[in-house]
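These are the residues of each chain, in order.
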Amino acid sequence: MDLPDRGNGRPSREGTHFALELPSDLRLIDPAIGYLAGRLRDYGYEGSRLTLNFRVGVSEALANAMIYGNARDPAKRVRVEVELEWERVSVVVRDEGDGFDPGEVPDPTLPENLEQPGGRGIFLIRELMDEVDFHGCGNCVRLVLYRQEPLPRAS
Amino acid sequence: MDLPDRGNGRPSREGTHFALELPSDLRLIDPAIGYLAGRLRDYGYEGSRLTLNFRVGVSEALANAMIYGNARDPAKRVRVEVELEWERVSVVVRDEGDGFDPGEVPDPTLPENLEQPGGRGIFLIRELMDEVDFHGCGNCVRLVLYRQEPLPRAS
Amino acid sequence: MSFRTSKQNGVVVVDVDGQLIVGNRQELKQKVLDELEGGERKFLIDFTNTGYIDSSGLGVLVSLSKKIREQGGELRLANLNEDLRTLFELTKLDTLFNIADSRDAALSAF
Amino acid sequence: MSFRTSKQNGVVVVDVDGQLIVGNRQELKQKVLDELEGGERKFLIDFTNTGYIDSSGLGVLVSLSKKIREQGGELRLANLNEDLRTLFELTKLDTLFNIADSRDAALSAF
Ligand SMILES: Nc1ncnc2c1ncn2[C@@H]1O[C@H](COP(=O)(O)OP(=O)(O)O)[C@@H](O)[C@H]1O
Ligand SMILES: Nc1ncnc2c1ncn2[C@@H]1O[C@H](COP(=O)(O)OP(=O)(O)O)[C@@H](O)[C@H]1O
Chain E
159 MDLPDRGNGR
169 PSREGTHFAL
179 ELPSDLRLID
189 PAIGYLAGRL
199 RDYGYEGSRL
209 TLNFRVGVSE
219 ALANAMIYGN
229 ARDPAKRVRV
239 EVELEWERVS
249 VVVRDEGDGF
259 DPGEVPDPTL
269 PENLEQPGGR
279 GIFLIRELMD
289 EVDFHGCGNC
299 VRLVLYRQEP
309 LPRAS
Chain C
159 MDLPDRGNGR
169 PSREGTHFAL
179 ELPSDLRLID
189 PAIGYLAGRL
199 RDYGYEGSRL
209 TLNFRVGVSE
219 ALANAMIYGN
229 ARDPAKRVRV
239 EVELEWERVS
249 VVVRDEGDGF
259 DPGEVPDPTL
269 PENLEQPGGR
279 GIFLIRELMD
289 EVDFHGCGNC
299 VRLVLYRQEP
309 LPRAS
Chain D
-7 MSFRTSKQNG
3 VVVVDVDGQL
13 IVGNRQELKQ
23 KVLDELEGGE
33 RKFLIDFTNT
43 GYIDSSGLGV
53 LVSLSKKIRE
63 QGGELRLANL
73 NEDLRTLFEL
83 TKLDTLFNIA
93 DSRDAALSAF
Chain G
-7 MSFRTSKQNG
3 VVVVDVDGQL
13 IVGNRQELKQ
23 KVLDELEGGE
33 RKFLIDFTNT
43 GYIDSSGLGV
53 LVSLSKKIRE
63 QGGELRLANL
73 NEDLRTLFEL
83 TKLDTLFNIA
93 DSRDAALSAF
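Residue numbers (the working numbering), protein chains in the order written: chain E, 159 to 313; chain C, 159 to 313; chain D, -7 to 102; chain G, -7 to 102.
Bound conformation, chain E alone (with noise of 0.2 Å):
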């Protein structure tokens, strides 16, 4: 990789933040997530809460940004901010929607919607991640991920 040289090789402590800006195109989420799983990595993330929680749960917030927020208009954006610190990173994707309540979304896990195609993207956010945050900032969503999985939530 013809990257700046990091001295040590290995990575430094030093937060980085960046930002990313995509047209609503589902085909986009892939390699976006790609990319910035592969930042996390260079930044010393890995395991399941990398590959599962991270890659998961922003693919979500990327995928209703552009179908909801956005609908699927390619011309319309969606921006993606990024801030990556050595204890969490923590993400903000912002569509150009009215925002809007997740309020009580119905829970996919109950025995009647178990065969509801739809209704995991808002729940699997919220279990994937340590902390999301749909009001701050109106029309957007700000995800947060440890490096470590945290203590146990008292539930």
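Just so you know, the hints here were simulated from the structure itself, not pulled from any lab data. Just so you know, not all the hints are guaranteed correct.
In silico DSS-like pairs for lysine-lysine, Cα to Cα no more than 30 Å straight-line [claimed, not checked]:
hint	chain 1	residue 1	chain 2	residue 2
1	G	K34	G	K23
2	D	K21	D	K58
3	C	K234	E	K234
4	G	K84	G	K58
5	D	K21	D	K59
6	D	K21	E	K234
7	D	K23	D	K34
8	G	K(-1)	G	K23
9	G	K21	C	K234
Dock chains C, D and G with the ligands against the given chain E, drawing on the hints supplied.
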């Protein structure tokens, strides 16, 4: 593909526009070009105009924007704006640098330059694209490629 | 990402290479529905080479499983890695699907 | 994009799968230089499975060819598709490289 239906399955003659914004990370060039070329292909562009002229020409502009314009700083972004029309596609690549005047770059095909490892980027952009404008917008380059090869230029 | 279909002992086996997500799930759906329409009734989806699955991918599996059952057929899944198992457990879809540890185990149980 | 190396009749053969561009050219360079350091002198790069090459990719080929020649070795290229031939012609690099139509032709000419 899960994209809006185009009715008759053939590309509409109506134009479209979209934009990407990418951190300055050379690993993003391959997926970005893959995506852009896919959009052109959906729109009926094909052959070496797509696979050679478009892919290599735009790739060079992205690489220069990341390397020279943004000094490979991933926090600095490259913005790509695409106007995709029936007869031609225009791509504007903008970086966060000070802009530059390509003026007279040395001809890399001269015998004395042939063994130089660098110096072929601007040359290839000019050879492969039908219109190239480094001036109109400061720290950006505007590339235009026609769907069909234009009549031979008087040169 | 791509899907490879083959036929083994009367079972249509689909290998999912790469992701099964919102951007490509229709492809898988169409492939399986075409085979169902063509008279096939036994289906196995093998996830050995699968990266990740999102909620839309899970949704396609749920609706395919239902459509196949309605035609008197059966859909089985095999070779879920640890991440995929966790995903099926989180969503309780492990209770809905017949999940085998290996392709052979799935095939011999049809 | 990836590079596969093998050895045939004393020639190091590198297959370039996907693009050879600014984002991955260092990988190819390092691979070939390691072999050169290890004593290999005959190199063939096969572009059968190559998508496109940019100016940085061309640059790496130029500098590898030079380094190999300096050690008394030789670099050949094979299986350029029409796009790649055009690219080499535009840059006049077709005059610098030994380009064969097939892998066998390249191998037997060493
Ligand atoms: N970015 C967004 N903008 C507007 N509405 C959204 C957004 N994301 C989710 N929603 C709403 O929340 C609902 C639940 O989403 P989700 O749990 O992902 O399930 P599904 O996408 O399968 O319906 C969606 O149907 C949609 O109405
Ligand atoms: N976006 C840009 N911003 C600033 N300078 C640039 C930009 N693009 C090209 N240049 C300048 O033009 C020169 C020639 O570029 P190019 O022909 O691509 O060859 P190379 O990249 O191999 O030097 C570069 O060395 C650089 O100084």
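Give me the numbers of the hints this structure contradicts, sorted from smallest to largest.
-> none
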